[in-house]
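Residue numbers (our numbering), protein chains in the order written: chain V, 1 to 613; chain C, 614 to 1024.
Note that these hints are calculated values from the structure, not bench results.
Just so it is clear, CB atoms sit at the ideal spot from N, CA and C, and this is done for glycine as well.
Accuracy of the hints is not assured; some may be wrong.
Unchecked claim - Label-pair restraints from in silico Cβ distances: (1) V/M63 x C/L745: 42 to 48 Å; (2) V/P80 x C/L745: 56 to 62 Å; (3) C/E799 x V/M63: 57 to 63 Å; (4) C/W773 x V/A140: 51 to 57 Å; (5) C/E648 x V/M63: 35 to 41 Å; (6) V/L530 x C/R645: 27 to 33 Å; (7) C/S655 x V/I541: 26 to 32 Å; (8) C/K851 x V/I541: 48 to 54 Å; (9) C/E648 x V/P570: 22 to 28 Å; (10) V/G510 x C/E654: 46 to 52 Å; (11) C/M616 x V/E165: 24 to 30 Å.
What the hints assert, rightly or not - In silico lysine to aspartate or glutamate, DMTMM-like type, Cα no more than 20 Å apart, as pairs: (12) C/K881 x C/E775; (13) C/K733 x V/D591; (14) V/K548 x V/D596; (15) V/K467 x C/E799.
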Amino acid sequence: MSDMHTTHVDSHTKDHHDHVHGHDEHHVHKDSFITKYIFSQDHKMISKQFLITGMIMGFVGMMLSMFFRMQLGWPNQPNPILETFLGKWAPGGIMDPNFYLTAVTIHGTIIVFMVLTAGLSGTFSNLLIPLQCGARDMAAPFLNMLSYWFFFISSFLMLISLFVETGGASGGWVVYPPLSALPQAAPGSGLGMTLWLFSIVAFVVSVLLGGLNYITTVVNLRTKGMSMTKLPLTVWAFLITAILALMSFPVLLSAGLLLIFDRSLGTSFYLSDIFVSGQALEQTGGSPILFQHLFWFLGHPEVYIILIPSLGITSEVLSVNSRKPIFGYRAMIASLLAIAFLSFIVWGHHMYITGMNPFLGSVFVFTTLLIAIPSAIKAFNYITTLWRGNIRFTPGMLFAIGVVSLFITGGVTGLVLADSALDVNLHNTYFVVAHFHIVMGVASMFGTFAGVYHWFPRMFGRMMNNKLGYVHFWLTLVGAYGVFFPMHYIGLAGVPRRYYNYTSFEIFQGFADINQVISCFAFVGGSAQLIFFFNFIYSAIKGPRAPKNPWNSTTLEWTAPVEHLHGNWPGEIPTVHRWPYDYSLPGREEDFVTQDTPLTEEETKQLEDYKHP
Amino acid sequence: MYMNILLILVILLTILTSFRLMKVFDLAAKLRGKEPYEISESENNMNALLVLLSLVGLSGMFFFLNHKYYHPATMLPNASKHGIEVDKLLHLNFVVISIAFLICQVFLMWFAYKYRYNKKRRAAHFAHNTKLEIVWTVLPAIVLVFLIGKGLIVWNLQMWPENDPNKLTIEIYSRQFDWTARFSGEDKTLGDANFTMISDDNILGVITPETIDRQLAKCRKDLAELDSLLKFSFPNKKKYGELKTARRRKNFQIQRVIEFKNQVKDKKFTTGYDDVVLQQEIHLPVNRTIELQIRSQDVLHSVYFPHFRVQMYSVPGVQTRFTFMPIVTTAEMRDKLGKPTFDYLLLCNNVCGAAHFNMQMKIVVDTQEDWDKWMKGQKTFRAGLMPEVTVPDSATVKADSVPVVTMNNPH
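Construct the entire structure; sequences and hints are all you get.
This is the structure we're talking about:
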């Protein structure tokens, strides 16, 4: 049976060849080192810049988590490693409580924004949108370059904030005021917090410039024949992510700006009736809850800004390596759209117990639980994609299967937390930590890894080492589940998060051993990343040369030559004739048909029959 | 120092050696005629087997942890009336999600294993099936409607409790880094309080005629001190700025306190006299509705009584509330758990600064008789005020004069 999706032809798609052909002229000029590697306007180079910066930031974020896992596993025990790395923040090898908070704050911020937003979207949107849509570059290459450099500034500010005398921001990655607004309340709320805010401002600019580009490119620069329903699910995911980002990040900017005003201009948007360090502040009439509304209006879509690209990558990698079309292509798009829409009307589920009207809470319970439906559809579709496939376990494929597994595990616990009545007792406990780390943190990280392993040949023209990839995957999977699965049970026992230690509570003493086990799993998972870093660097420099289409994939990026050209295709841009999932078509020798392969006569006839029965 | 250099050298050497080793492996693979992207059948099968094994591992971990931690003995025992419903709901949810979790993982990993690559087989071109898709859209939707309904019933029970005329109103007050509680006393009304009235011996800023006078005197003394510091201590630029800010804030505070003073005639401010203010430890009567009125002095905190299934943020500038009823006394719970040192606790569950992790208060649930006895033994707010009010100092003499209006005065 040949599926009807395979033979859609869209006659409305415009021909963009003429628009973008001008890029070829650029190619004549010899790029200097600076224009090629630093201030590059080529989407492929920018994508690598995002990836490598994201990896460096990821390393910092991971090291911070290793430090606080040492503290949580063995509280109050002198640890020479901590003293070596942290110096005055761990006098005698015992971590300073303020640094502990800074570590969790900066870990969260770096992983959420720098790694899983910029590192993931920035890398793969940049790499894949032009290549999979069939465009010579992004719609606005200069803005694209600016997007990276704003991200760079943002990362730089975040890093140096760790080194200021009073320490980095320490109010949790959510930086709730008044704590974050009052330097008197915590040392980290001084210069560290200022740098955090400016870093985020730069970050929002970066995201907006990037997002504008992604949307414009997908909408305007698709090649001939590439209708929206012939786009690979990756591009759909990046498009929806970019729309979410454009709509939600400005709200974070306004939340941050108002916080900056409160901190330095004496306004009272978030401050009211505060008495701190012996002084009654004049600011009255503001509300800290306002910040939470603004923050989570970004914060919740942000979860999906992180997750959706990962799901898009998973769709593609699963399909390619199962040698099967993705199951329910249209349902996948529809559920992405549904998730994206719903993600804007659920932010209140982070605030059930902040004093928000309980009736409003009920509304948010309803909308939040609705998200489970499109999410379930996605999970079922992934599973069905594997069914009766012919599965090749590349490292990328393993990570993609990992994404689905984690998405299920972390997704179901979301049902518990969405229930306001249960959230009362689970809010801010380790149950929450377990939930979001699995479903958003680790799942998206796995999606990123899947993407890196899968598109590494496209990025560097070389192959990554599979064996190291397998070791990396299995250790990371064991580490991830070993760390976060037991945390659910600690959370059910009411253990609060962001505690420096639990030694002063008798009721939590039973969890000292499990905290050590978790820390050990964290070290296993952490060291596994070193294998990845090594594999990445080695393969980028010395790895074996990759063929043009190593995975026998159908999408356009594999029709471009291995050598990077500014403009992607040497001659004309390929024309698209079919959808991206023509795997294992019956009656063909090859088990894949690339998108630029014209329809056979039989297929054309079938299409005609379908259109005019 | 030398150790560190040695360490760095070792790391560098390891990396270099690994590079060389990798190159050797790559060359070996090339000699065997294996393409760099090729995955051998044995590799593929091994990974398929590992996927199956990880299914065993994952479900094994799930059952082990459930066995070890998901039962009443290790989970938080419940001690409140609405908590019974909450726990039932949690259990229901837990059962539903456990089933969903196991089914999906089994299918996912079993399929991955079963349909591993085989040269002889070709994958099915199976792209969609409307019937199947409708089934798995509707099925979760039905389960969800059921869960939402159940959840909202319990939520309403928690948040809109019946009004109990016999309820006990307690104020829970948070600041970095301790808790203060205030019982309303015999008049069942908490006295007014304001943040400008806070002082070392009046943590909550309770307003009574006496505290107003004392606060005014103290503030004026502080202001005089600030003025003299500004004039005679030759502060550097930073210190000067700080002093100016402090002076401006002090003036603002004085204005507010004077406003309260002017209201004494109408409002009297006597309801605070019989309030009982406590730190470290409070007692609650069993089987009586307790209404918490929650305020914060400085930053966000969260009032978290894990055993009572109670949690509510304490927000500066906003009063929040939570109503519940403890149903198990501390003594009963100690017997039940077999832990003679067990105590209910109030924790802070929203990060509030360096000592956030150690911000606790002991809660004792007594029988009504024991609680009455305990309550009688507590000092009222007025009794706490008495000794100091009777000793006037030079500052109180000036208390009624109009303050000097200085620059930056908000009024």
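Okay, the hints, checked on the actual structure:
The given range of 42 to 48 Å is respected by V/M63 and C/L745, whose C-beta atoms sit roughly 46 Å from each other. One distance hint, 56 to 62 Å for the beta-carbon pair V/P80 and C/L745, holds here, with the actual separation near 58 Å. Taking the beta carbon of each, C/E799 and V/M63 are about 59 Å apart, inside 57 to 63 Å as hinted. Checked against the hint of 51 to 57 Å, the C-beta distance between C/W773 and V/A140 comes to roughly 53 Å, which is consistent with it.
Range check, C/E648 to V/M63: Cβ separation about 37 Å, and the 35 to 41 Å hint holds. Between V/L530 and C/R645 the Cβ separation comes to about 28 Å, which falls inside the hinted range of 27 to 33 Å. Checking the proposed 26 to 32 Å range against C/S655 and V/I541 shows it holds: the Cβ atoms sit about 29 Å from each other. At roughly 51 Å, the beta-carbon separation of C/K851 and V/I541 lies within the given 48 to 54 Å, and the hint holds.
In this structure the hint that C/E648 and V/P570 lie 22 to 28 Å apart at CB holds, the actual value being about 25 Å. V/G510 and C/E654 have their C-beta atoms about 48 Å apart, which keeps the hinted 46 to 52 Å range intact. Distance hint for C/M616 and V/E165: a CB-CB separation of about 27 Å, consistent with the stated range 24 to 30 Å. Restraint check for C/K881 and C/E775: the C-alpha separation of about 32 Å exceeds 20 Å, so the hint is violated.
Proposed proximity of C/K733 and V/D591 is supported: the alpha carbons are some 12 Å apart, at most 20 Å. The straight-line distance between the Cα atoms of V/K548 and V/D596 is roughly 15 Å, inside the 20 Å bound, and the hint therefore holds. About 75 Å separates the Cα atoms of V/K467 and C/E799, which puts this hinted pair outside 20 Å; it is violated.
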